[in-house]
Amino acid sequence: MSIGANEEFRPKIVAFCCNWCSYAGADLAGSSRLAYPADVKIIRVPCSCRVNPMFILRAFERGADGVILCGCHPGDCHYSTGNFYARRRMTMLFSMLDYIGVENGRTRVEWVSAAEGAKFSATMNDFVAKVTSLGKNVRLGDLRCKN
Amino acid sequence: MQQRIGVFVCHCGSNIAATVDVKKVVEMLALEPGVVHAEDYQYMCSEVGQAKIAEAIKEKQLTGVVVCSCSPRMHETTFRKCAERAGLNPYMVEIANIREQVSWIHKDMEEATQKAVILGRAAIAKVSLNTPLKAGESRVTKRALVIGGGIAGIQTALDIADAGYEVDIVEKTPSIGGRMSQLDKTFPTLDCSACILTPKMVEASANEKITLYTYSEVEKVSGFVGDFTVDIRKKARSVDMSKCTGCGVCQEKCPNKKAPSEFNRGLNTRSAIYTPFAQAIPNVPVIDREHCTKFLTGKCGVCSKVCQAGAIDYEQQDEIITEKYGAIVVATGFDIIKLDNYGEYAYDQSPDVITSLELERIMNAAGPTKGHLERMSDHKAPKNMVFIQCVGSRCSDGRGKSYCSKICCMYTAKHAMLIRDKYPDVNVTVFYIDVRTPGKNFDEFYRRAVEDYHVNYIKGQVGKVTPEADGSLTVHGVDLIDNKQIKMKADMVVLAAAIEPNPDIRKIATMLTASIDTNNFLTEAHAKLRPVESPTAGIFLSGVTQGPKDIPETVSQAGAAAVKAIGLLAKDKLLTNPCTAQADIMACNGCSTCANVCPYGAISYEDKEVRGPGIREVRRVAVVNSALCQGCGACTVACPSGAMDLQGFSNRQIIAEVDAICR
Amino acid sequence: MTKAEMQAEKIKEISGTDPYKCMKCGKCSASCPSFDEMDIKPHQFVSYVLNEDIEALANSKSLWKCLSCFACVERCPRDVKPGKIIDGARQLVVREKGGDYLKADEIPELLDEELPQQLLVSAFRRYRR
Amino acid sequence: MKYSYYPGCTLKNKAKDLDAYARASAEALGFELEEIEDWQCCGGVYPLGSDEIATKLSSVRALNAAKEKGQDLVTLCSACHHVIKRVNDDMKNVADIQFRANNYLKLDEPYTGETQVLHFLEVLRDRVGFDAIKEKVVKPFTGKKIGAYYGCLLLRPGKILEFDNPENPKIMEDFIRAIGGEPVIYPYRNECCGGYISLKEKELSKSMAGKIMDNAASFEADMLITACPLCLYNLNKSDAKTKLPVYYFTELLAEALGLKEEVQA
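Residue numbers (my numbering), protein chains in the order written: chain A, 1 to 147; chain B, 148 to 810; chain C, 811 to 939; chain D, 940 to 1204.
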C-alpha cells in the first residue's frame, strides 16, 4: 500500500494502558474533553507489566506505525513493582527495534496517573505528531499481508 | 465452539450519539464474524436497556456480549451482573469504550464513527476468545486500621468501633488530636476547638474496640482487600506506658528545655521529655532523643531519678507489631507549605510575619503567649494587623500549589473577627484575591467580619512585605478596585499559607498501592460517586488526604469512610477477581522465573504428572494460588516457555485486539 | 482579522505569554516600582490585550515607564509575566516606522560625565528599533 | 584555574576600576580571567521579544568562544551577566532560538548551551569559597556596616539566573562577612534603581534610587556595594536624604586583600 501524494498520512497507533492509572487517566481526558487524535486506539491491560514484547512486535507486523505503553508512575504501581518490569523490558525491546529500523520515535513508555487527564491528552498529541512526522512504518510489515 | 455474540451500542442520550453514528456502528459490527445480534438503545445501562441485553441473551442463545458504551470503569459491573441474571457467565461480557475514548474527545462524526467501529471490533475479537470464569472467595479479617489520629482518623475509628468492629489507630506523633488540637477556635460558630475535640479523643482512648498506637508508623503493608498484613513500628518512647502515671514531674524537672515545640509551631520551646500538649492522649511523655542530654552526652538521667513510678527506660527499643486487617482507612491529614519560595513576604526575615497556624497558637490560652495577642519580636501588642490570603495557593508558576486551599478565607475571617472583638483598637486589614465562602452560614460569617467588626477587606494581592528599621513592617499592596498602590504600615502580618498533604503520604500510598495525584492527594475511585474509596480495593480515604476540606466536611467524610469500611468488614467472604494467572503444565518446566517476579508470592511449585502426546512424566511445575494472585500478569511475560497466561487478558485475546485495531 | 486582533496576537507571540492564565490578583501592580507613573497599570495589561484595545496600550505612558525590573515576572503566581506583555506592546511600537522613543539628536543633552556606556546601550535597545 | 572572561563595554570605559580590581583580586585568589577575543557588546538589556535572534548573537558568540576553550564564562557587570545567562538558557532550552541562532552563525559545531555562565561573585562563593577569601584578607573592614545592593538583573528571573534566592539573597552579605565587614540587611536591596530609565526619566530614577539609599541608611549602613555600573550611577545621582558612598564590590575586595594601592598605581 502506498500513500498518495495528496492523501494526508494518518498513522495507526496502539496504546496499551494499565487499568489502574493510565486507562483511568484516559477516562479523565475523555470526561474533561481534552482531545487527542482518533488515530490512537487503546487496549486495556491490568498492568503495564502484562504487555508482552510480542504484542508490540505483532502490532508493528500488522501495520501499526507507533506503539505507546502507559503505566502508573514509578513507585505508584497498583501491583507495587509491575511498571519497573515494564520499563526494563521496553528499554531492551525499543533498542532492539531501533536497531532493526523501527525508530525510537515510534515507541514510547509514559507514566500517566489517574489524575493526569491533561498529561494523557498532551502525551497522545505529541506522540501522534512524532509518529506522523516519521511517516509510515515499513520495517516490520508482515510480508504475508502484502498483495 | 463458534461463539454467538451480541453487540449493544449505547447512545448515552446524546453523549455518544451526537458524535458517533450509532446506527452505522450497529450496521458495521453486525457484519463481524460470530455476531448474531446487534442493536442500539438510548441508555443501555437503564432498566430497559439491560432488559434488551437479557432478552437477546436468552432468545439468541448468546455466548458473548459486547457493549459499546462508556468506560468499563463505569458500567462493566452493571453489564456483567445483567448477563449473569440472564444466565450468561459474567466474564463473557466486554466493553468497547466509545464515550471517554471517542465521542467526548473527537468532533468529526465520520472519524469518530470509524474509531467506534474499530474499538467494537477489538472487543468482539476479545470476547470471541473469552472463557467463562468463576470468581473465588477470600476471607475478611474483621479489623480495621486507621492511619492518622487527627479528627478524621478519630471520627472514622469511633464510627467503625461503634458498629462493633475492632479498629487500630496509628499516629506518628506522641498524641492523637492532629491539626485540630492546635486550633484555638473553629468557624463559623466560634466553638473552642479543644472543647469539641478533647471529648472525642477521650472517647477514642476509652473505647475498648479501639487500640491506639501513638508515636508509631506503618512500616510495611502486604496482602489485599479483606486480608492485609501490616507491620507497625512503635518507636521507642523511652517511657514505659504501663508504668507512667502521667504526673508530669519529669517534664517539669527536665533540665533541657531548648527543643523547639512542634505543637506551638516552633514559637517557643519544650523540654526534651515531653507530651505535645496538656490534654495529650495518651498522657505519657516521650523522650526526644535528639535533644535529650542523657542520649546526647550520657550524663543526666534527671527524669529517671524524679519518676516515682520508675517508668523511664533509656534502653527501650523500637518494637514491630504485625497485625491483620480487613480494611485500611488513610487519614494522614495536612501541613502548611514551607514558605522558602516566598521571600517577598519576609517570613524568614521578621518574627512578626507569621502563618495563620502560628496565630492560632498565639491566640490560644495554652499557647506560647498564653493567649495574648503580641508580636513575637518585642512582645508588644500590635496596633495594625495585615492578613495576606492565597500565599502559595492558586499558584501555577511552580512556586506554590495550583489548587485553592479552601479553608483560608474562612479562618482569616475568624481571626479578623476574634481580634477585633477582643482588641477593638487593633486595625485589621485583609488583602484578598477572592473571598470564597461556600458553606452553610459561611458568607454570613464573612460579612459579619466586615459589617459588624469593620475588618478592612482590600481586593488585591500583596507584592512585598518589608521589615523597617524601626521594627515595623511595610506592606506593599494594591487596591484593585481603587486602582491604587498601597503602602501600609503593620505591626504584624499573617500569611494564609497553602495547605499540602502530609509529606508522609507518598510513602504510605506506595505501601498501599493507592493512587495519588500530582499534588499528593490520594485519588478517589470515582470523583463523584465513590469519593471516599481508593481505586485499590479495601483502602478508604478520610479527611484532607483526599483534598482540602474544613472540619465539618472532614468529619462527614470520616463517617462516610467508616461506613464503607464497615460494609466491607460486615461481609464474611469476598468474591475474588477470577482474572488470575494459570500455568499450562504441558509447557512449564518449573524454572522459577515466574515466582521471582510475582509480588504476591502466589506461585509455588509442585511435582505433577504430566500426560500428553508422547509424554508421561512427573515434573516440577508452577501452580498459582488463585486466592493470592491479583492478576497483574508480570509472570506471563517473564515466563520463557509461554506457559503462564492470564485469564481474561490472555495472550491470544490481547493479540486478537491488536490485530483488530491494526486491520 | 482586524488590525487590533492581529496586533493582540502579535503581542502574545512576541511576549510568549498567555494572558488567559491571569487570575486578576494584582500582585504585579503591588510589586511595580513605576506604578504611580503609569496610566495603564500592570494588572490591566492583560485585559487590554484580551479586549484587543491595542491602540490605547500602544499610546500609553506605561510603555516607557516600565523598567524591565522583572519584579512582576518573578512574583506572578500564574506565570503571566505582565512585564513581558508590556515589552511586547513596546516592541510593536518601536518596530513601526517612526516609533522610536529616543531620537538621536536628543541624546547629547541627556549625557553627563559619569554616565555609563551601558545606559546608552540599554536605552537604545528598549527605545529604538 | 582559568576562566573565559567577558568584561563588557562599560568596564572598558567608565567602570575600568570595577574590572581592574577584579583582575587583581582574581590573581591573588588563584584564578585567572582570560578575556575573550573580539567580544561584542551584549546589548545591555535582554531582548524580551521571543522572536528576536540578531540581538542575542553577540552573547552566543561569547558563549561559544568559552565553549571552544573548554572554560566557564565569567561576567562581572550585572547587565552582561543577565543577558548572557538568559541567552544561554534560551540556547539550551528553546529549540526555535537554538535552531535559528545556529543557522545564522554557522559554527563548526552547533552551540546548545554547553557553557556555564558564572558571575564573579559566584566564582568567589562556589569555586574559591568565602572561607578561603577570609584567610587571605589582610585589611578587614572591621566594624564597617556595609549594605549590599543587588538590584534586579542578578536576581531575576530567579528560575533562570539561579544566582540566589531572588527575594531574600545572601551571597553579597556573605561576601561582606568574608572581607570582615558587617552586612546590613535592608529590604530594598533587591528593588530596582531605575535602570535605563535614568536616561530620559531622570527624576523618576533619582527618586527610586533615593528610596533604596534612604532605606539602607535607616538600617545604619555606612556604605553600599554593587556589581553594576548603572546601579552605581543611579545611586550616586539619587535624591536620597542621606547620601551614602557607593563602591564596586571588587574595590572592597581588592582593598581587603591589600591590593588597592597597587591597582591604583
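Simulated from the structure, these hints should not be mistaken for laboratory data. This one's a predicted model, so the numbers in the text were calculated from it and none came from an experiment. Don't take every hint at face value.
[Said to hold, decoys possible] Label pairs and their calculated CB-CB ranges: (1) E437(B) / E103(A): 33 to 43 angstroms; (2) E819(C) / K1141(D): 35 to 45 angstroms; (3) V770(B) / A1034(D): 46 to 56 angstroms.
[What the hints assert, rightly or not] Calculated pairs, SDA-like style, for lysine to any residue (alpha carbon to alpha carbon, straight line, at most 25 angstroms): (4) K834(C) / K170(B); (5) K170(B) / R33(A); (6) K631(B) / D910(C); (7) K822(C) / V1033(D); (8) K1150(D) / K822(C); (9) K1109(D) / R546(B).
[Stated by the list, open to error] Pulled from the structure, derived: some chain B residues nowhere near chain A, Cβ distances all over 10 angstroms: (10) R220; (11) G618; (12) C726; (13) L793.
All C-beta atoms in this analysis are idealised placements derived from N, C-alpha and C, irrespective of residue type, glycine included.
Status of the hints after comparison with the structure:
no.	hint	verdict
1	E437(B) / E103(A): 33 to 43 angstroms	55 angstroms, violated
2	E819(C) / K1141(D): 35 to 45 angstroms	36 angstroms, holds
3	V770(B) / A1034(D): 46 to 56 angstroms	55 angstroms, holds
4	K834(C) / K170(B)	48 angstroms, violated
5	K170(B) / R33(A)	23 angstroms, holds
6	K631(B) / D910(C)	30 angstroms, violated
7	K822(C) / V1033(D)	17 angstroms, holds
8	K1150(D) / K822(C)	34 angstroms, violated
9	K1109(D) / R546(B)	20 angstroms, holds
10	R220	6 angstroms, violated
11	G618	46 angstroms, holds
12	C726	7 angstroms, violated
13	L793	7 angstroms, violated
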